[in-house]
Structure formats: structure tokens, C-alpha cells
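Chemist: Residue-level listing of the chains:
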Amino acid sequence: METWNPHSGATILTTAALQCVQASVPLTAKAGTMDQPVDDFAHYVRARTPALIRTAYLLTGDQHRAEDLVQEALIRTYRAWRRVRDGYPDAYTRKVIYHLNISRRRLRSSSEVVTSEPPEPTARGRPDEFETAATRIALQAALGQLAPRQRAVIVLRYFEDVTEAEAAEVLGVSVGTIKSQTARALARLRAIAPHLLDAEGINR
Amino acid sequence: MSEKLRAGLASLAEQAKPVDLHARVVRLGRRRTLYRRVTAALAVLALGTGGVVAVAALRPDRTPPDILPLPTVSAEPSPVPSPTPSPTPTSHPLLDLDNLTLTLPAFPGLATRCPGRRATFVDGVAQRPNDSQVDRGIIDRLTVWGDVDGVPGDEVVLAITCSLDGVVPFLPLVVRVAPDGTPTAIGWAGLGPDGRALIVDQFEPPTVTGGVLQVPVLSYVDAPAEQPYDKQRRGYAVRDGRVAQVNGPTEFSFGANDLTTFDPRNATLYVNVTTNTAPQLPGGNRTGYTGYVKLVAGVGTAWFGRQVDNQDQPGALTTVTVQQVVPIVVNGQAGQAALLKVEPAGGPALQLVLAFNTPNWVHLGNRVLLAGAGQTVRAIAADGPDRIRLDLTIDGSDATWYATSTEGGTTWTAGPA
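Those protein sequence lines, which keep their order, are chains B and L.
The opening position of the first sequence corresponds to residue 1 in the numbering used here, with each subsequent residue numbered one higher.
The opening position of the second sequence corresponds to residue 1001 in the numbering used here, with each subsequent residue numbered one higher.
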């Protein structure tokens, strides 16, 4: 029904899938009619959820927390759908994700990455696979040491590649705040795990 | 540009698994819409008939705070919670604690970001009127009812957040509720004698005992982020129409932020025994306990939050005991490793090995090992730089594992020799 495109990160709905979506009749629809806004929402959710989950995963460091965060944000988008669908629903959902994450969890401690288990099997594979796994673990731990707002800024600027102005818009702060939070987050990352950053100072 | 960081984030993000949330979102979204319509209708009905309508049972998909067992805290300086839960808190049939309008006082020390204003909360969050940005929230699991003004009728204490760059502090707000359900804020609890906002423990709900609201606090909101905590409980009540501290300490005693002098046996620690991988805890892979505990002579008791599958559940009074402390050297820096025993009431006893080796963040232990059912850590010892030996008993058989730090000291991996 759905084809996962690993390159674009988007879920491509096949013709059959579109028919499935269009055939769904929500409770609020009159008998014999289709509720266009709800169908649009279904399409939006299935198309954007993978990307939203990836962002939420970077913000939370955990698959289940990421799903919970995205689910909650999409519920709010769903309830506001008639108002946002003709504008930028993705911008609305992303804003909710970032704000919910910051308001929900203010843990100021380390991440939960480390386990008591032996090294993963991939460690016995090719050296570059082990290095990638180790880098991921290190980055996960380092992100966990950032305050929620700092982590959000890093994800916005270096994963979602938005500008300072766009990041300010998402988080509801000034550009100056984005600049200072970025600097503090990078300084913290550099102090925790300098090997995760380029040797030279970061300018953009 | 930091291509390394970008590449690392992209690689890390690929670990996220796609999932279809549509059905869940639509189902839960409709349920909440129905809930709001029903509660509004019931409120109108109750006003019309003069009857009492029980709306608590219609709360949407949230952990129901009205059945949360709370610890009883004595009204003495630095009180320790007793193991006896207090009676179930009340609620008001005409007040929806997630959807209400309230005139909020300014957040102390953050009045520019969170000024005093009339705020309308929808599903627990309020937006600024000028730009619709969410700036306030209600942490409903920390809500508590009780009489704190000496006048018949309970007040409700709501944990209100203020969104701020870097951290999101919150404070308990004492609110009087009129018979018709109209809430009126009286004032903030959780302030120091000089009015400075304090960092309130987010895992231990406040309690009301003998007309006093006991609030667990950790530090000042405006303290440096890396400063160690000093957990205390301070009592507040309404006096002369204002919220004031009436018992408990008025000053903190922060330890030095120095790895060489840090003493895990006499410190406030953040303890997190949540695991998403090993099936070590009853209830499945994702049951855990989290909280702040003040250790004195190696022992401390505190209310810990509990999560099952990342969903908040009623917490538990938890005793933490430091069983062993050994010096270690990590990344060329002297530090310490501690073996902790974590015993939540009604839950399994766990052991946790933490490495305190992050300069300038001495109180934030890096997790080395979590041992659960069928696993016992008998002893720990330094085994050269960046390495800890772990003497274990696993399912009745002795074993020796080694934990090594390879990523600047913040990440540890442990396994058999």
C-alpha cells in the first residue's frame, strides 16, 4: 500500500493507497459523502510522519518518546486542521513538536544511551561501520547533555538546515537568542565530545 | 560549516523507525473533542439542575492524577517523606484543570518572558495573544488539592511552566476556586525569601499537610546550569492573602563543583533507572524510575516518577543507598564511580553504577551499568584509566565484566572480559 523511499524520506502513496484513503468515511461525514479535509489530513500524516519522527528522535533520543511527541503534535494539528490546512500545516506541526518537547522534558542530566549489554554485533563488522555506530552513540550522549532549547536549536540548524530567522520563528524567540543558544550548544558539544565537530570554528 | 555534525545528526536520525500514526491520531483527536463537548454540556447541565456532575472519569487519555498516591511529608525543616500515602486529592466538578482561564502573576525573575497576564489554557497550554506562541503550560501530574489558607474549601495548586531559552522552569501556583468553578490565582509557591524562583523537583509532586503546601526544591532557577543541587522541602501557605513560606530551610548548601572533592554519599543526585533495551524491569522493556534524591551518609529517600512504555504512571517512594565508592581516572581526569542500590516501594530492587567524571558537571553521573532481576553487582573497582571492573553474579553464577569509556568519558560500554 505504501512505498518507503529511503532517499527522500517521504512515504509515497501508490494509487491503491490513495483509493484506500479516499474511501475512509469519518464519523463526522454525512452518509455517502467523503470528508475532504480528513482525507487531506490522512495524506499529510502519512507523507510527513517519517520526517517528523526523525526530527523528534533527535530531540528526544528515544523512538517511543519520538512517536509520542509526534502523535501529540499531530493530534493538535488534526484538531486545528480546518484552520491550518490551507496554510502551512507542516510548519504548525513542527512548531508544536518543538514547543511540546521543550515544555515536557527539562531533564538536565545525561542521556540513557549506555546499556549493560556487550558491544553490538556491528562492532565486529567493518571498521567504518563500528566508527559510525560509535559516533552515533557519542552524539546521542552529547545531545542528551544539552538543555532542551539548545538541543532544539542544534536540530533545527544542523539537521533541518533552517536559517537563524526560520529557527527563531519555529521556537518563538529572537534571532539573537538563536545565535546565543547555538553558540552555547556548540561550546557544550565541543567540551563534551570535540571529535564530533570540525576542527575549525563553525560559521554559517 | 560543521559537516561532521550534520553528517552525525543525519546518521543518528536514520535510526528512527517510521510508523503509521494516522489511526491513533484521529481516534485520540476525536476523543478529546468529544470530551470537551461533553464536559461543557455537563457543566451547563450541572449549573441548571444544581447537581454535581462527576467529570473526572471523562478525562481524556492522560494518566489520571486524581488517583495518584502521594507521600505524606512532615512540616519540619528538611522533612523526609513517610511511606504512608496521603488521602486521594479532591477535584471540582465545574473546573477543567486543562482548559481554564486564569490571570497569572508574572514569573519571578522572568517577567519579560512571562509577564503577568490573563491566560487561557487549552489542553494544558496557553499561547501569547500577540503571536500565538506557546509560553505557558500546566504539568497536570503535579497538580494537588488541599486547604492552604485556613478557609473551608480546598485550593488547587497548579504547576505552571514558563518557556525560556535553554530551560523551562515551572512554579506551583496556588489557586482559589469559587463554587461556580471560577479560578483565581493567589500567588506562587516555590520562591526563596528574596522572591527568587526556585527549581522545583519535577518528579516529586508537592503535598498538602496540616494546611501547608510542601514543595520539593533543588536550586535557584537563575543559578548556573552546572551547579550541583541541594534538595530540600519548603512549606508554603496563604497568610494575609499572600503565599508565603512558613517552614523549612531558607538557604541552600551547594557542594563544590569539583570532581576531586565531590562526595556521592552526601550529595543530591539525579537517578534514572529507565531502560529501553534490557528487559530487566518488571512490566516490560520500558519500565523505569527517575528522580532527585538527597543522600546523607550514603542513604536517601525521595518520590520518584515512574514510566511504563514512556507513559507517566503513578510514582513510588524510592530509597537510594550508596553501597560503594571508588576513585577512577577518566580522560586523564580524577573522578569517582559509585555503586547505588535503588529500591522503589512495590518495585524491584535495582543497582546502578554511575561514573562521576565530567568536569564542571560533577553531580551528573554517567551511567555505567544497570542491574536488575537476576543480576547483582557485588563490587566495583578501577582497572586502569578509563576502565572499571565489575564483579557480578548473573543468574547464580559469578562473572567479571569490564566497563570502558571511549567517548570522552560520557559514554560507557560494559561486557564480559
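Calculated from the structure, these hints are not laboratory results.
Just so it is clear, CB atoms sit at the ideal spot from N, CA and C, and this is done for glycine as well.
Don't take each hint at face value.
What the hints assert, rightly or not - To give a feel for the contact side, a few chain L residues facing chain B, derived at Cβ under 10 Å: (1) A1016; (2) L1021; (3) N1247.
Chemist: Next item in the hint list is N1247/L. Is there a CB on chain B closer than 10 Å to its CB?
Modeler: violated, 27 Å
Chemist: Should the interface hint for L1021/L be scored as holding, given a Cβ-Cβ cut-off of 10 Å against chain B?
Modeler: The hint holds - L1021/L has a Cβ within 10 Å of chain B, the shortest such distance being about 5 Å.
Chemist: Per the CB criterion, is A1016/L less than 10 Å away from chain B?
Modeler: holds, 4 Å
Violated hints amount to a single one, hint 3; each of the other numbered hints is respected by the structure.
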